[in-house]
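Chemist: This is what each chain is made of:
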Amino acid sequence: MSRKPAAAAKLAGAAPVFAALGDTARLRIVQRLCDGGPLSITRLTEGAQISRQAVTKHLRALEDAGLVRSDRAGRERIWELRTKRLAEGRRYLDQIAAEWDGALARLRTFVERDKR
Amino acid sequence: MSTDRMEKTIMLPAPRARVWEAISDAAQFGAWFGVRFDGPFVAGARLTGRIVPTSVDAEVAKLQRPHEGKAFEFIVDRIEPMSSFSFRWHPYAVEPGVDYAKEPMTLVVFELAAVQGGTLLTISESGFDQIPPARRAKAFSANDSGWAAQTRLIGTYLAKGS
Chain A
1 MSRKPAAAAK LAGAAPVFAA LGDTARLRIV QRLCDGGPLS ITRLTEGAQI SRQAVTKHLR
61 ALEDAGLVRS DRAGRERIWE LRTKRLAEGR RYLDQIAAEW DGALARLRTF VERDKR
Chain B
1 MSTDRMEKTI MLPAPRARVW EAISDAAQFG AWFGVRFDGP FVAGARLTGR IVPTSVDAEV
61 AKLQRPHEGK AFEFIVDRIE PMSSFSFRWH PYAVEPGVDY AKEPMTLVVF ELAAVQGGTL
121 LTISESGFDQ IPPARRAKAF SANDSGWAAQ TRLIGTYLAK GS
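Chains as they are written, first to last, in the working numbering: chain A, 1 to 116; chain B, 1 to 162.
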């Protein structure tokens, strides 16, 4: 089937996204960038329970997965989310949600069928 | 933008008692979902569900038939009569040859509220961030083969009509 290579490529491309998100510290960084981004490393380290060095390391991991990117602004790097890539991470949940849509439609038919 | 949790709300045109029965009784749950359990729903019970084609939708039943008999783990979490029912399972555990037993489970919660004209059902599933990345990524290709199967079905249907 002609879709196969595309599916395989998508699969290979999605795994790093989930791997990068499978860490509490990195998820927190993503959350902060989502709520108040773009942000500098200084700002990202403020209020974090980890060192600036650790934040930098996590940002690199997120960058490798294509989830964030940075721009130089004067002496600092400003980090921002790549929302399109993040949306790919949501697709798994979208699919689970679609499965539930189907199940709930059956539940509706089931409870409607024998009104009593 | 959570990758850990999803939630759905649906309005069902049936009294709360009817909906409660449909989700909290193992046999009735099985009828619409398309599964047969080896015991009743009791808080804390570890059950095995086996896929059986749903009696509610012939088209869906056809798609479930190839998976008939496939077993999955189902742990009843809490039962609060008429208001809440929850359980744990392995999400999207459809890959043949994969042993999901050692992997973390997600928590599914059904919550009921009586509203005018029926019952508001909210269902949430959470804990996806603990599911191995490779497993989650796999859903991409699984989705594609699902569509391929659908396309085949439509093709067969059209061929019959000509």
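Source of the hints: derived by calculation from the structure; they are not laboratory data.
Backbone N, C-alpha and C define an ideal beta-carbon position, used for all residues, glycine too.
Among the hints, a few may not be true.
[Unchecked claim] Below, a sample of chain A positions facing chain B; criterion: calculated Cβ distance under 7 Å:
(1) Ala-19
(2) Leu-21
(3) Ala-25
(4) Gly-36
(5) Gly-37
(6) Pro-38
(7) Leu-39
(8) Ile-41
(9) Arg-43
(10) Arg-85
(11) Tyr-92
(12) Trp-100
(13) Leu-107
Chemist: Run every hint past the structure and note whether it holds.
Modeler: The hints, checked one at a time:
1. Ala-19: holds, 4 Å
2. Leu-21: Check passed: Cβ of A:Leu-21 comes within 6 Å of chain B, closer than 7 Å.
3. Ala-25: violated, 13 Å
4. Gly-36: violated, 13 Å
5. Gly-37: violated, 12 Å
6. Pro-38: violated, 16 Å
7. Leu-39: violated, 16 Å
8. Ile-41: violated, 22 Å
9. Arg-43: Cβ of A:Arg-43 sits 20 Å from chain B, so the hint is violated.
10. Arg-85: violated, 12 Å
11. Tyr-92: holds, 5 Å
12. Trp-100: Constraint on A:Trp-100 satisfied, holds at 5 Å.
13. Leu-107: holds, 5 Å
Checked against the numbered hints given earlier, the structure breaks hints 3, 4, 5, 6, 7, 8, 9 and 10 and satisfies all the rest.
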